[in-house]
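Chemist: Letter by letter, the chains look like this.
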Amino acid sequence: MRSFSSLIQKAQKGTSKPRMVITPAHDVRILSLLPEIITMTKPVLIGRAKQIQEQLINCGVNVSGFEILDEQDESTAITTAVELVHSNKVEILMQGSVDNTLFSQMVFDRKKGIGATSILSHISMLEHSKEGKCCMITDTLINKAPTLRQKIAILENALVVAKALGIKRPKVAALAALEYVNPSIQSTLDAAVLSKMGDRHQFGDAIVGGPLDIDCAVSREASKRKRVSSKVTSDVDIYLVCDVESGYSFAEFLSLLGRMEMAGIIVGGQSPVIPNRACTTRKAKIAEVALACLLSKGRQNDV
Amino acid sequence: MIEDFNDIDALASQRKPMGLVALAADEEEFLRTVKQACERGYIQPCIIGDSEKLRRRADHIEFDLSNVAIIEEKEPQAIADKGIDMLFSQDAYIPMKGHIPTAYVYRAIIRKERSIGGKDTISVNTLWDIPGVSHLVSITDTGVSIHPDYETKRRIINDAVDLMHILGYNRPKVAVLSAYNGFTDVLDSFIEAKRLQDEAQRGSFGECDLIPETSLTDILAGTRGAFFEFDPAALEKTPHVLVVPHLDAGNILSKLDFILDVTRRSLVMTSKGPVIIPSRSDTHKVIVGEVALGVVVARLLWGTN
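Chains as they are written, first to last, in my numbering: chain A, 1 to 303; chain B, 1001 to 1305.
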């Protein structure tokens, strides 16, 4: 995938439109996106109905075209949205205007949430205009300090996204602080194992390089200086980071200092979830919807 | 105040060359660094290492060693120990790590610090020159502590603040980074950041401000009230010091110059002065800049001509 524009175009070309619930939807910022959103999905709006209707009118959007479920309370609005996912009535869940902690506690709940039997992870997708391609960083939001087993699941989640994007042989850099194995640094050990699993085709056609430090992942020259040879160097599709501290700051530095558009999505559950992050541009938010569309159950069958 | 690396480069060559001791410079990029730093008038070099190898390499790059002091030594820890001794004695040499593993140099520094009752821990400050930002930004610790605890973070902040004071920033702004944003349980890094901010309010870190924001997003992008739009002017809000949660994060962030339009130079501050620790992937062009930084910091610290 070369750009967010091509991602959005791909999502718009789909034969079916997945249903997406926005909860709570009384958020003028998100409602203002509806003209673009409806080119890819059928939205269901949950929240304070009167407020939603007023905001839609203010945004110049035709109120009659949308299914609106009236819920005054934020917690109930989230519960209703999760139930819609459970009953297969919607295929995408988007966080509206609500505190991250409340939203994540309810949506990620091990019993009642959308990921009861799986590992959820967040992918930051960045549009690297200089390179002319998009890359992914994961996990950038959810898993505090993933174990090797969790990293395997996080990588598998990312590979599902790569497949939906049409990347046939995704190149994965399993990042660590060093490019060689140091028994005192767990990230180097985990990355080495993941790389070996890749060699044995345990991740399908994905090519996994690791451990790689960032310079060996992105620069052939640096890699040569360090005498590291990896097929993924300078052509990485997925950066698998060792924990959320590394992932979050890596993604935000690229986005803010590198001025790269960044879209985020939570995967691994019953439906893709679009979180409401700070620092999201209008274009990136639409790209998030497009990405969720490509990952939705109906569209997965098209891949 | 030193605003960028152009200032550093100009200052480095303004006065008489400073003593630099290169620890195993018998590899081409390191030897080219020494050669170029000499030509620019930054340094008067001494090299500790394998003299035979050194002369062969020097011939290859046409570097005349007649004005270079050479101390014969092949064992890496002994090389590091001798070089760090020269910093801690009255010789006033700036050590630069060459073709030996960093661990030997760190070990030599820590032993020496302990022997004089100096610092308990050391840290690497990676300075960034970011276009559009009128001050240098230090990312720290990017090289030593794998998982710094609260006490270690205190020392890391003290080190960074001291360095920024030396560079002329009277009251640097410091952000202690954390990925916590409500989607995970509270992270230790966030709890520590809040404790450190409280401590800073009581004046524990001297002349600096620990800002309440714990991520670049909070600092530059603000809240979720509206869609974000890039504002180049907002970059100026980047703090002088960014304290990373751990080594894995520090290593990624500090080397983003391979992707971003920023320039990187790193050093370790000991009780006696700077030690230059280039990355093994750096070319001599990058390392010469680090030498210039070391020279300027040492000169400001030692008050030498």
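Quick caveat, the hints were computed from the structure, so don't treat them as lab data. On a predicted model such as this, the values are computed, not experimentally measured, just so you know. Just so you know, even glycine gets a beta-carbon here, dropped at the ideal spot from N, CA and C. Treat the hints with care, since some could be wrong.
[To be verified] Here are some chain B residues pointing at chain A (derived, C-beta under 8 Å):
| id | residue |
| --- | --- |
| 1 | LEU1216 |
| 2 | ILE1259 |
| 3 | SER1279 |
Chemist: Next, verify each hint and record whether it holds.
Modeler: Consistency of the hints with the structure:
| no. | hint | in the structure |
| --- | --- | --- |
| 1 | LEU1216 | 5 Å, holds |
| 2 | ILE1259 | 6 Å, holds |
| 3 | SER1279 | 7 Å, holds |
Checked against the numbered hints given earlier, the structure satisfies every one of them.
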